[in-house]
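S.K.: The chain contents come next:
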Amino acid sequence: MLDDNTRQRIQDEIDSTDVVLFMKGTPVFPQCGFSAAVVGVLSHVGVKFKSINVLEDPAVREGIKEFSNWPTIPQLYVKNEFVGGCDIIREMYETGELLEMLNTKGIDVQIGEEA
Amino acid sequence: MAMEAGEIERLIKETFPDAEVTIEDLRGDGDHYACHVLSSAFEGKTRIQQHQMVYAALQGRMGTELHALALQTGTPS
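Chains as they are written, first to last, in our numbering: chain F, 1 to 115; chain C, 1001 to 1077.
FYI, nobody ran anything at the bench for these hints, they're computed from the structure. Careful: at least some of the hints might be erroneous.
[Claimed, not checked] Once the Cα atoms are required to be at most 35 angstroms apart in a straight line, the calculated DSBU-like pairs of lysine-lysine come out as:
#1 K1045(C) to K48(F)
#2 K1013(C) to K50(F)
#3 K79(F) to K105(F)
#4 K79(F) to K65(F)
#5 K48(F) to K105(F)
#6 K1013(C) to K48(F)
#7 K1045(C) to K65(F)
#8 K50(F) to K105(F)
#9 K24(F) to K48(F)
#10 K24(F) to K65(F)
#11 K1045(C) to K105(F)
#12 K48(F) to K79(F)
#13 K105(F) to K24(F)
#14 K50(F) to K24(F)
#15 K65(F) to K105(F)
#16 K65(F) to K50(F)
#17 K50(F) to K79(F)
#18 K79(F) to K24(F)
#19 K1045(C) to K24(F)
#20 K65(F) to K48(F)
#21 K50(F) to K1045(C)
#22 K79(F) to K1045(C)
#23 K1045(C) to K1013(C)
Pulled out of the complex, with its shape left as it was, chain F reads as follows (with noise of 0.2 angstroms):
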């Protein structure tokens, strides 16, 4: 359940951070694979990212599938956009997509396009 209290979290959240990821875990300390991939492709690419940590909260954790109507975590939202889980972030990187997508919405990346 999306309680309006935790939609406005969430939805304050990805209005003040331009590229956040809601993960299981930390970036240096990953506790679920999918997390631990798209942590990868982020930093690869070079991009600052906010992480927020489901695990410590659960009304965040069940309320966030609702939000972006996504069942599953890691969800990434870039100014203030749902992009995707792993499946999709990672395609969107072996495609290009990613870079392309992170430099139309001018977003700092720390390599270059040839990447």
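Add chain C to chain F, keeping to what the hints say.
M.R.: For chain C alone, coordinates are given in the frame of chain F:
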């Protein structure tokens, strides 16, 4: 909790009768699958929409019984 590969395929084909479904049991433990779905129903949809359509076909099992399902979708070439 786990789910049979055949059951995943059945649910997907029930919603997308034309779908070409490939399921790989990644670890042989009946709990970690990679699933590739090609269907004309995905034409004109974004990736997120395509995945959401498959999740809908799985009737709420994604994220519960199915934690480890790597999904790829596309249209038949």
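S.K.: Is the hinted pair K24(F) and K65(F) satisfied, with a Cα-Cα distance of at most 35 angstroms?
M.R.: 13 angstroms, holds
S.K.: If you draw a straight line from the CA of K1045(C) to the CA of K65(F), is it 35 angstroms or shorter?
M.R.: Holds, at roughly 20 angstroms.
S.K.: Sort out whether K48(F) lies within 35 angstroms of K24(F), counting only the CA atoms.
M.R.: 18 angstroms, holds
S.K.: Mind checking the alpha carbons of K65(F) and K105(F) for me, to see if they're no more than 35 angstroms apart?
M.R.: Between K65(F) and K105(F) the Cα gap is close to 24 angstroms, so the pair holds against 35 angstroms.
S.K.: What's the verdict on K1045(C) and K48(F), does the C-alpha distance respect the 35 angstroms limit or exceed it?
M.R.: 29 angstroms, holds
S.K.: Below or equal to 35 angstroms on CA atoms is what counts here, so check K1013(C) against K48(F).
M.R.: Roughly 40 angstroms separates the two Cα atoms, so the pair is violated.
S.K.: Given the hint that K65(F) pairs with K50(F), test it: the Cα-Cα distance must not exceed 35 angstroms.
M.R.: 18 angstroms, holds
S.K.: What's the verdict on K79(F) and K1045(C), does the C-alpha distance respect the 35 angstroms limit or exceed it?
M.R.: Between K79(F) and K1045(C) the Cα gap is close to 21 angstroms, so the pair holds against 35 angstroms.
S.K.: Compare the distance between the alpha carbons of K48(F) and K79(F) with 35 angstroms, and conclude whether the hinted pair is satisfied.
M.R.: Holds: K48(F) and K79(F) sit about 13 angstroms apart, inside 35 angstroms.
S.K.: Does the alpha-carbon distance linking K1013(C) and K50(F) stay inside the 35 angstroms limit?
M.R.: 38 angstroms, violated
S.K.: Quickly compare the C-alpha distance for K65(F) and K48(F) to 35 angstroms and report which way the hint goes.
M.R.: Distance of about 23 angstroms is within 35 angstroms: holds.
S.K.: Do the alpha carbons of K50(F) and K105(F) lie within 35 angstroms of each other, as the hint requires?
M.R.: Judged against 35 angstroms, a Cα distance of about 17 angstroms means the pair holds.
In the structure shown, a violation is registered for the earlier hints numbered 2, 6, in ascending order.
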